[in-house]
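J.: So you can see what is in the structure, the chains are spelled out below.
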Amino acid sequence: PPAHSHSDWIGPPDKHSNLRPIIFYVPPEESALERRLREARQEAQASNQRFWARHNRAFRQEKEEFIYSRLKAKGLEMRDESGQKATLNAEEMAEFYKDFLTKNFKKHLQYNRDWYKRNFRITFLMGQVALVRALRWLRRRKKSVEQ
Amino acid sequence: MSAARRCCLLRALAGFFVWRLRNTGIPQIPCRFVHLHRVANDRLITFQYFNFLKRMLQQLDQEKKVVYKISPVSPVHQSWSETSSRNELREVKSAAETEDSVIPVGGESREDRRWKEMKVQLDDLPGILARLSKIKLTALVVSTASAGFAMAPVPFELTCFLFTSLGTGLASCAANSINQFFEVPFDSNMNRTKNRPLVRGQISPLLAVCFAASCGIPGIALLTLGVNSLTGALGAFNIFLYTCCYTPLKRMSIANTWVGAVVGAIPPIMGWTAATGSLDAGALLLGGILYSWQFPHFNALSWGLREEYSRGGYCMMSVTHPGLCRRVALHHCFALIGLSTVAPVLDITTWTFPIISLPINLYISYLGFRFYRDADRSSSRKLFFCSLWHLPMLLLVMFTCKKSVLEKEDKGDLRGGSHEMALEIRLP
Chain A
3 PPAHSHSDWI GPPDKHSNLR PIIFYVPPEE SALERRLREA RQEAQASNQR FWARHNRAFR
63 QEKEEFIYSR LKAKGLEMRD ESGQKATLNA EEMAEFYKDF LTKNFKKHLQ YNRDWYKRNF
123 RITFLMGQVA LVRALRWLRR RKKSVEQ
Chain B
5 MSAARRCCLL RALAGFFVWR LRNTGIPQIP CRFVHLHRVA NDRLITFQYF NFLKRMLQQL
65 DQEKKVVYKI SPVSPVHQSW SETSSRNELR EVKSAAETED SVIPVGGESR EDRRWKEMKV
125 QLDDLPGILA RLSKIKLTAL VVSTASAGFA MAPVPFELTC FLFTSLGTGL ASCAANSINQ
185 FFEVPFDSNM NRTKNRPLVR GQISPLLAVC FAASCGIPGI ALLTLGVNSL TGALGAFNIF
245 LYTCCYTPLK RMSIANTWVG AVVGAIPPIM GWTAATGSLD AGALLLGGIL YSWQFPHFNA
305 LSWGLREEYS RGGYCMMSVT HPGLCRRVAL HHCFALIGLS TVAPVLDITT WTFPIISLPI
365 NLYISYLGFR FYRDADRSSS RKLFFCSLWH LPMLLLVMFT CKKSVLEKED KGDLRGGSHE
425 MALEIRLP
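Just so you know, the sequences run in chain order A and B.
All the letters of the first sequence, read from the start, carry residue numbers 3 to 149 under the working numbering.
All the letters of the second sequence, read from the start, carry residue numbers 5 to 432 under the working numbering.
Treat the hints with care, as some may be off.
In silico BS3-like cross-links for lysine-lysine, where the CA-CA straight-line distance does not exceed 25 Å [as the list claims (entries may be wrong)]:
no., chain 1, residue 1, chain 2, residue 2
1, A, Lys65, A, Lys109
2, A, Lys100, A, Lys74
3, A, Lys17, B, Lys120
4, A, Lys105, A, Lys74
5, B, Lys120, B, Lys138
6, A, Lys108, A, Lys119
7, A, Lys100, B, Lys198
8, A, Lys109, B, Lys198
9, B, Lys198, A, Lys119
10, B, Lys386, A, Lys100
11, A, Lys65, A, Lys76
12, A, Lys65, B, Lys198
13, A, Lys105, A, Lys17
14, A, Lys17, A, Lys65
15, A, Lys119, A, Lys105
16, A, Lys108, A, Lys65
17, A, Lys17, B, Lys198
18, B, Lys140, B, Lys198
19, B, Lys198, B, Lys120
20, B, Lys198, B, Lys123
21, A, Lys100, A, Lys76
The hints are simulated quantities; they were obtained by calculation from the structure and are not laboratory data.
Using the sequences and the hints given, assemble the complete structure.
T.: Printed below as a string of structure tokens:
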């Protein structure tokens, strides 16, 4: 993002986590409240990034392993004669999807709880910051009108 | 930077943006009107893309390195006609793909790779809010509520109807916005939902919540004060059910599908109570029809999304209990036949309704059976697409077979058959 910009910038989705990274703008006269908001957002972003990158990588890895083990059981290789990657059909994959979901169920419950708490906190802080800014702007207008 | 280079840059950008605006501005409707829509859009592009170009050039002035990267791509044609701009795009795309440039090249994927400023652009705001509130889904919800209103056995009142439709629409916008607010990281990970406004950072969560409040509160107030308190209460309950029950439940248990079906069944009930002011059997029957419809519709859709649901952590029947998924869809197809037969018993429609609706109900049941037996992608898609036209057609047939209010009053007042006939002949 350009150096003179006064707003946050959001980027393309990350390869591993599919989340879009945000570069936060730090204003020179950042108040304590605004700093808390920015830090909360940075922390949430980092935590989300860690979770999803790890989770998606585990998914891909386990999927590969599952396909490999199934193909081996059937006596096939990972790549057939034409060099194409051999895949299993949807029904066979369904078993893997079911297993993966049940295995990660508790992890998701924990993550959901965290995410909801973080989301509410960040939005509440945003509301507070917006309110403070609005009051400041109104006060400034009153002063300039009086002058 | 030389003037000649600037010229080429301008022309390249113009070509790219013509292509981009043409392709990103059009919604994905699979109908023949898209062609006409495209032709109409071409006229608009000339105004839009000049403004866009102005904005992009202002940004580019600062991004000097972008300018230098464009130079290997500059041997580009000067004409701005459709076909040549498409060719340019293909040339540039192949050239740009090798380098990881920040060029605003046309095509959604390239636009996506750019870093974007997180500032609300006022001219984009209506489109963003439309996507936030899932405007198409809202329109469908409002039409089911109007169907409920139309089926109620009372004389039609236009103001009441408009208030109900508007109130239901606003409530639905609010519920959808809150749903997207809750689901940002999950939506980013699923192909179907990764282009939502909150995921792309086009709007802040605070703004989404404020929008939801500013839609929901007037919507419910309109329903409670302008229509009746029962409809308002149902609207508020539906928002609560969708945002606080269905959305979190999606990640906790497969029961979410049943809760979601209730959410879908409530709007026609709201339409009915708005017209009559009371919750009678007719309302529940309409609600029941929509409740049963949700299962073949959703279960068929979720069958193709099993991988994404599994990775995203969504507890759906299609992933964890596939047999149950198909069974439930089939059972509810049969239930639709049953409910259509009950309609004339409750005096909502004449007996022609179950007869006329039997073919379409049998067809969806047949597709439901095929889905149950074959359990593959093609049968699930067939069932899903059938459900899309099945519901509007069923509601339309129901409306045309609606028992006239006058007829019912006659049958209630008079006992003698011939007397009835005389009256019926007199009335138009």
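J.: Next pair to validate is Lys17/A with Lys120/B; report whether the Cα-Cα distance is within 25 Å.
T.: The hint holds at about 17 Å.
J.: For the pair supplied as a hint, Lys17/A and Lys198/B, confirm whether the alpha-carbon distance does not exceed 25 Å.
T.: It holds: about 13 Å lies between the C-alpha atoms, which stays within 25 Å.
J.: With the threshold set at 25 Å, check whether the alpha-carbon distance from Lys386/B to Lys100/A stays at or below it.
T.: Holds: Lys386/B and Lys100/A sit about 24 Å apart, inside 25 Å.
J.: So if I understand the rule, the pair passes when the alpha-carbon distance is 25 Å or less; does Lys119/A with Lys105/A pass?
T.: Satisfied, since the Cα-Cα distance of roughly 24 Å is no more than 25 Å.
J.: When you check the alpha-carbon spacing of Lys109/A and Lys198/B, does it fall within 25 Å?
T.: holds, 22 Å
J.: Can you confirm whether the C-alpha distance between Lys108/A and Lys119/A stays at or below 25 Å?
T.: holds, 17 Å
J.: Has the given pair, Lys198/B with Lys120/B, been kept, meaning a C-alpha gap of at most 25 Å?
T.: holds, 16 Å
J.: Take a quick look at whether Lys100/A and Lys74/A sit within 25 Å of each other, Cα to Cα.
T.: holds, 21 Å
J.: Hey, Lys105/A versus Lys17/A, does the alpha-carbon distance stay inside 25 Å?
T.: holds, 24 Å
J.: If you draw a straight line from the CA of Lys198/B to the CA of Lys123/B, is it 25 Å or shorter?
T.: holds, 19 Å
J.: Please verify whether Lys120/B and Lys138/B have alpha carbons no more than 25 Å apart.
T.: holds, 23 Å
J.: Keeping to a limit of 25 Å between CA atoms, is the pair of Lys108/A and Lys65/A held or broken?
T.: holds, 20 Å
The structure meets every hint from the earlier list without exception.
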